[in-house]
Amino acid sequence: MKSEPKEKLGRRDFLRALGAGAGVAVASAAPLAAPAAADTENNDEKRKARYKADSASVQTFYRVNRFPS
Amino acid sequence: MARMKFLCDADRCIECNACVTACKNEHEVPWGMNRRRVVTINDGKPGERSVSMACMHCTDAPCAAVCPVDCFYTTADAVVLHSKDLCIGCGYCFYACPFGAPQYPKVGNFGSRGKMDKCTFCAGGPEADGSKEEYEKYGANRLAEGKLPLCAEMCSTKSLLAGDGDVIAQIYKERVSRRGYGSGAWGWQTAYREAIAT
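Chains as they are written, first to last, in this note's numbering: chain S, 400 to 468; chain W, 1142 to 1339.
One chain only, chain W, in its complex shape (with noise of 0.2 Å):
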């Protein structure tokens, strides 16, 4: 069963954020909230990066594991997704999340805050694949059109990929050999041992 991951190459994000905008506009996100967003540190110094952020859909999602009334739930497509019915707004999810990828609509306290929202890898959500409500709630349904999430399919350098993970692990495994260097991310020896080159 493929595995729906995020990958960002940061060699190529050159920060234009059409990932950002291309997301608020096909699920129209309202004001204030964005399920997705580019980070760039060391800005305007040598060394300087970018990495498109959004939810990461997690394996073992923080956001699940301390959610109070268990709205989220995963998908066979290892997608994390949640009920905006169930929701209560309490909050815990944010705060789980090492992403910061749950928004809310509203700024508030315990129970003011409305409904969370974040990314659904453009797989809506527990209505009907295409329908209204799903749209309403949850915006597009491109993974049941047999599309892709458009933040991905919008980028102009090709930095950002979506899709099977060992599809997308593929695809960028072959552009690091082509350059001769990887992401120079720190931590991964740390992770992975001496299997991997950085």
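Chain S extracted, bound-state conformation (with noise of 0.2 Å):
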């Protein structure tokens, strides 16, 4: 009788393949889990002043906006 031939991965081995497959599934992508970088801006830099009252397009605003009603 011919014997079928030895599977390369064994009935009793596939679990133990099976974590050691999912350990490294982790590892790579551990990078992944980092943690996220939330408000870049420290505190006197998200408060500082943005407003430009010099620039063209708010002198513009402000100039249209008196014209006579």
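Because the hints were derived from the structure by calculation, they are not lab data. You may find that some hints are simply not true.
Now the stretches of chain S that chain W is said to cover, found in silico as 3 or more residues with beta-carbon under 8 Å [what the hints assert, rightly or not]: (1) 443–453; (2) 457–466.
Taking lysine to any residue and the SDA-like style, the derived pairs with C-alpha atoms no more than 25 Å apart in a straight line are [as the list claims (entries may be wrong)]: (3) Lys1256/W x Asp1184/W; (4) Lys445/S x Leu1227/W; (5) Lys1225/W x Asp443/S.
Predicted, not measured: the structure shown is a model, and the values here were computed from it. Each residue gets a CB set at the ideal place from its N, CA and C atoms; glycine is no exception.
Hey, can you piece these two chains together into the complex? The hints should help.
This is how it looks when you write it as structure tokens:
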């Protein structure tokens, strides 16, 4: 009787191999688990004045809104 | 230091909703949320008035007073902003705000509404100016580009004023003195006694 070729991965080794594979996957995904950068500006930076009163756009807005009604 | 303010000249507002559309488009505000809306009273009747409303960037903001995670902050330009990274979506600011400014992406109970969203006076948020992260979370930062909020710049009747409170108050004062009458809004005499003429 001809015996079937022995499988490379035994039935009892299947779960062990699966576990090792999952470990590799977690290790490779580790850089993604780095802490997320939140609010990149510090307290002083985020509160600083951004309004530019002398810009052409702002001055034009004030000028055209002064047109008589 | 300039204090940024909105002022809607109710005598000029024609309820065209261009301010609402401009805001949604500029900041890519998702469906179901409006950072600005037009409120009309006495619709279709004599004395109909429309006012464009958004976050009024209060000096002593009640939203900031009730926030349990302290995610609000006021900039040197007196613009009230918040951090979506800190916001837990509790909804307290929505209950506290007299203008209904805070908006949520989802309808739900405590903690399931998503991060609060509101008018930023086109001043972005606590991310680097003009960065992709800032745009995705808070929208465009026009103030840093030397511009004013797009809602006001788009207003066809020049009803919605935005900018330095002293300057726009002066512009409105000139309009009122030229017209010969004020907004007619009640409560001004209560707030300012005889010092102001409506």
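Hint by hint, here is what the structure shows:
1. Beta-carbon proximity to chain W at under 8 Å applies to 8 residues in the stretch 443–453 of chain S; the threshold of 3 is reached and the given coverage holds.
2. Proximity of the stretch 457–466 of chain S to chain W, defined as three or more residues with a beta carbon under 8 Å from a beta carbon of that chain, is established by the 7 residues found.
3. For the suggested pair lysine 1256/W and aspartate 1184/W, the alpha carbons sit about 33 Å apart, so the restraint of at most 25 Å is broken.
4. At roughly 14 Å between alpha-carbon atoms, lysine 445/S and leucine 1227/W fall within 25 Å of each other, so this suggested pair holds.
5. In summary, the hint linking lysine 1225/W to aspartate 443/S is supported, as the alpha carbons are separated by about 18 Å, within the 25 Å threshold.
Hint 3 from the list above is the single one not met by this structure.
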